[in-house]
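Given chain C, put chain V with the ligands in place with the hints provided.
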Amino acid sequence: MTRRVSAGHAVLAATALCVIVIAASLSIGPEPLGPLHLLRQWRAGESIEDAAYILFSLRLPRTLAAFLAGAGLALVGCAFQALLRNPLATPYTLGLAGAGSFGAYTALVLIDFGRLPYSVIGVPMVQAFAFLFAAADVLLIFLVASRRARPTPAVLLLTGVTLGIIANSGIMLTRYFARPERLIDMDRWLMGGVDIVGYRPVAVLAIGVVPACLWLLTQAGKLDQFGFSEEMAAGRGVNITRLQLTVLLLGSFITGVIVSEVGPIGFVGLVVPHTVRAFTGAGHRLLMPVSLLSGGAFLCLCDLAARKVPVAGEIPIGIITTLIGGPFFLYLLVRGRFADWET
Amino acid sequence: MNRCLAAESVAFAYEPGAPVLRDVAATVRGGAVAGIVGPNGSGKSTLLRLLCGLLEPGSGRVTLDGRPLASFRPRERARSLAFLPQGVQPVFLLSAFEVVCLGRYPHVGALAGPSSHDLEVARRCMRDTATDDIRHRSFMELSGGERQRVLLASILAQEPELLLLDEPTAALDIHHETEVFTLLARLAGDGYGVGVVTHDLNLAARFCDTMVLLSREHAVAACGAPEAVLREETLSAAYGARIRVGAHPFTGTPLVYAEPPEGAP
Ligand SMILES: Nc1ncnc2c1ncn2[C@@H]1O[C@H](COP(=O)(O)OP(=O)(O)O)[C@@H](O)[C@H]1O
Ligand SMILES: [Mg+2]
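From first to last, the protein sequence lines stand for chains C and V.
Reading the first sequence from the start, the letters are residues 1 to 343 in our numbering.
Reading the second sequence from the start, the letters are residues 1 to 265 in our numbering.
Chain V on its own, in the form it takes in the complex:
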């Protein structure tokens, strides 16, 4: 079944009187990569937390296959959609394999430990993300790219159908950035629905099927296919900067470039 996670005209404020999202709609569908982009502080992470049910919208609603997300029991929800937040900082020393096994939590009873089936799922997810070779290494000693792939394996071990990721390529070099997005595109090809927050508009243009652009005013500035969203006027208004869009010389997808402010040397 093709899963569909949808936010419909949601509004949200952490503090009364300071809205962080105004009348925002976004959809994550099985088999596609949905990019969420926008300037710093525009509410991308907040939108992701609403989509995975960690926050309740002030108005509007979030549904999973038409059913309100809030009506799911938390562990039941976690078996359908997995969340990878930004800046994961574990306090305990864990091996990569132990990190991936943590993903089995929604399937394991409160008292029971992981079964041999759980361990097998964990191994399979590590093979799928090319992390099987490093499973015995300490998680925090891994390189940024390896760590991100292990985290991806860890949320895949939840056996979800939808993945929500907050800036999974932050602090990665261009090669590892592309590697992570390639993996996400492959997962979407396998039927997963992927919602990904990113600052890299060019990667988003290359790998996303649909995009949502949030503006500095915390509203949707544009949504739809990358070509429809990544336009000079729209981006310049959303970011409050001079943004130029060309065509990628090799792929033909939009190529985005921010001009320095006027008068800068």
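Pulled out of the complex, with its shape left as it was, chain C reads as follows:
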């Protein structure tokens, strides 16, 4: 057996990690200022207007957005891996990222050709389309699954993967129709980014992600049962159909909101749960909250790297997470086993 850390230590370590990373994210940037710096300036009676603007209008919303997105993606990763009984399941394996991106691209092309207003009653159409297409992806998965007597995890997974491939073709198709000068904007979206300004995206993320995440956390005990044996879980009183429905819908909703606000950011739902599981074991009552915290911290850290890597401008965060996540995943494969998986 792998040695595990105690529940208290795991939560404590994850919380400490979050505090440190968030503090760093607020303090580090092109301008040398942080909360402490600000306090010192204020005590010295200097003007802090510029510093406060940078801190509260630029760095804080960005940090919060990265944290919320990372936390949501990691939590959904945990839940989907148990629900699909597969270590490769992530929010994106079900085609959600592909579908969301396809939606965003469709909106961009339609706007470009004057067929779609940029926003309708204040809702940006790119985000709305990303969300609607992701929702349609889940709906299709359900339609396929409900045609069968009992939707097995394998059927759900294969349907999602297939829809993801179809969505990628859709993306190619919209690229084909797009004006060449538009392709740069479009591709930038596909790389994901938390380079937001102001609190509207943060509010959308908070309202969309936080309640759904709390709800998802309540399914931990049932996911433990389901991961062990579907039939035994049913025998012990877990309503399997309701569990599948709840987790899929909540997971897709969380992912849909995140993809629509910050674009597809890959590998968070894979790297974080697998790393955390090695410390906490596979019990979801501990794994899920610790993954949530660590996912938030991880994406904040990636965002910091995106800002600090010395190149012109900054690197899109989706590229950073993939550059970290890809090799990490290969390492897991080479080592021959995923921590705490029966593979």
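I should point out that these hints are in silico values taken from the structure, not numbers from a laboratory.
Careful, some of the hints might be misleading.
Label pairs and their in silico Cβ distance ranges [unchecked claim]:
#1 V:140 - C:309: 38 to 44 Å
#2 V:264 - C:136: 57 to 63 Å
#3 C:36 - V:124: 53 to 59 Å
Idealized CB from N, CA, C, for every residue including glycine.
Using the frame of chain C, we list chain V with the ligands on its own:
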């Protein structure tokens, strides 16, 4: 109180027009081992799923102490009867102790973790099944016999009064097979009601108090005491094969043997 789980003239079909059970009756009573036997595909596992309320019969009814099983809330039902399916394949790496703790699910609130009382029950169930020594080992690294005993501890941790087990001795050697059945007989002696699906008619003859024999036609071919069920004509018809029954040289219980098909070398 002596619990009684009964299926009364139940019929079931997964697909319309292809019945898997026709007019079947079976009873599992506290203090006794009830064996469910029959050829492959005769509907034994299906009958077990009906008995533990995972499937609803198309007609007929399943009752627990006279009350329709469907009227129980699922977790309430799970505190009375526990189900051990065939071929449990966990996807997560768990220690034997963690596996047994999973059995506390019907007693633990949705948000709360297991309490110290729950952990104590789990330990007690492991001692009862002689698995306490291996509680820290990884479940999937255990031998088949150890794994089966841990699973048994895990359903005992539900603190049920009735146990329904689907082929708990499949893939076990003769020693471990007997070990599992001895444990089941002991549990029945302690007052548990046990319903067990098995292919080993000789073990069933030795350990079961009552038996139900399902036929290839998905109906009850015989039921009652092992001696009444394990008869040459009945078995041969139910299995569609030439089956011989003698007496066990040491125990005197029926000894069943399938003849090769006629004309075979
Ligand atoms: N989930 C299912 N869906 C459809 N048919 C099934 C299902 N499970 C079992 N069957 C069919 O029902 C029949 C009885 O199966 P089962 O109860 O598993 O028999 P046994 O356990 O006696 O071998 C078989 O023909 C099998 O193919
Ligand atoms: Mg069977």
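Indices of hints not satisfied (ascending): Going through the list in order, the structure violates no hint and respects every one.
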